[in-house]
Amino acid sequence: GEDVEQSLFLSVREGDSSVINCTYTDSSSTYLYWYKQEPGAGLQLLTYIFSNMDMKQDQRLTVLLNKKDKHLSLRIADTQTGDSAIYFCAENHSGYALNFGKGTSLLVTP
Amino acid sequence: SAVISQKPSRDICQRGTSLTIQCQVDSQVTMMFWYRQQPGQSLTLIATANQGSEATYESGFVIDKFPISRPNLTFSTLTVSNMSPEDSSIYLCSVLTSRTSGGYTGELFFGEGSRLTVL
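Protein chains in written order, with the working numbering: chain Z, 11 to 120; chain E, 453 to 571.
Here chain Z stands alone, though its shape is the one from the complex (with noise of 0.2 angstroms):
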C-alpha cells in the first residue's frame, strides 16, 4: 500500500515553535490530514488541507503542503504543555478512506 512517514518523537520547549513533518507517496491524495490523540482518547481533527492549496493557517497552526516532494508539515507556534500529544497525518487513498502515518509523539518542556 501506500506508505505514510513520520518521525516518531520531536521534544520542545514551552513557547517555542513545533513543527512535525510528515511524507506520503501517493500523489493522487485529495485531502491531507493532522489529528491529535492524548493519551486515552480518540482522534481529534485537528485541520486538513485540499491538495491544491500549499498553506493553510489556523489559529497557533500552519500547514505547509509541497505536492511535488509530497511533503507535509505542522507547525503550532508558541507551543504549550496541552499539545503534548501524539500527532497522526494521513492522507486520502481510494475514495475517502485515510491512510496514516505512526503519529509523531510530541512532547512539550516547561
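These aren't lab readings, by the way, just hints derived from the structure by calculation.
Quick caveat, the model's predicted, so the values are computed rather than measured.
Here a beta-carbon is modelled for each residue, glycine too, at the ideal position from N, C-alpha and C.
Mixed in with the good hints, there may be bad ones.
If you anchor each label on the Cβ, the simulated ranges turn out as follows [to be verified]: (1) E:Ser479 / Z:Ser38: 25 to 31 angstroms; (2) E:Ser536 / Z:Met65: 43 to 49 angstroms; (3) E:Leu525 / Z:Ser21: 31 to 37 angstroms; (4) Z:Glu15 / E:Ile515: 27 to 33 angstroms; (5) Z:Lys77 / E:Lys517: 34 to 40 angstroms; (6) Z:Gln90 / E:Ser536: 25 to 31 angstroms; (7) E:Arg462 / Z:Met65: 25 to 31 angstroms; (8) Z:Met65 / E:Leu525: 30 to 36 angstroms.
Based on the hints, put chain E in the right spot on chain Z.
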C-alpha cells in the same frame, strides 16, 4: 462538525466471546468507517459501513470476524467475533461530513474509541 458517541468506551473480554460496539452520530452521514488501533500503533481501516448494503472490507479483514451493521444514516455497529488476545485494540468509528449544498466537506471525524482488552 459531527458528534460521535461510541459504546462501550472500554471493556475487558474473555477469549472466544464476541462484543458489539455501537457508533451513534448526531447527524445523518453517508460515509462511515471503522478503524482499529492496536497498542502503540497507528490506525488501520477495517471497513466502510454502507447503509442498506454489506460493508466493504479492507484486505486482511473479513465479515465473519468483524460483522458490521448500518441500519440508517446515524448508526452503525461493529462486532468483534470469537475474540483472541490479538484483538485487544482501540476500535474507532469515523464519519465524513457532507455539505448542505451537496458533496463532502473532506472533514473526517472520529469517535472517542472503544478500548477492548481480551484476556
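Structure-based check of each hint:
{"no.": "1", "hint": "E:Ser479 / Z:Ser38: 25 to 31 angstroms", "result": "holds (29 angstroms)"}
{"no.": "2", "hint": "E:Ser536 / Z:Met65: 43 to 49 angstroms", "result": "holds (46 angstroms)"}
{"no.": "3", "hint": "E:Leu525 / Z:Ser21: 31 to 37 angstroms", "result": "violated (43 angstroms)"}
{"no.": "4", "hint": "Z:Glu15 / E:Ile515: 27 to 33 angstroms", "result": "holds (32 angstroms)"}
{"no.": "5", "hint": "Z:Lys77 / E:Lys517: 34 to 40 angstroms", "result": "holds (38 angstroms)"}
{"no.": "6", "hint": "Z:Gln90 / E:Ser536: 25 to 31 angstroms", "result": "violated (41 angstroms)"}
{"no.": "7", "hint": "E:Arg462 / Z:Met65: 25 to 31 angstroms", "result": "violated (39 angstroms)"}
{"no.": "8", "hint": "Z:Met65 / E:Leu525: 30 to 36 angstroms", "result": "holds (35 angstroms)"}
Of the hints listed earlier, those the structure fails to meet are numbers 3, 6, 7, in rising order.
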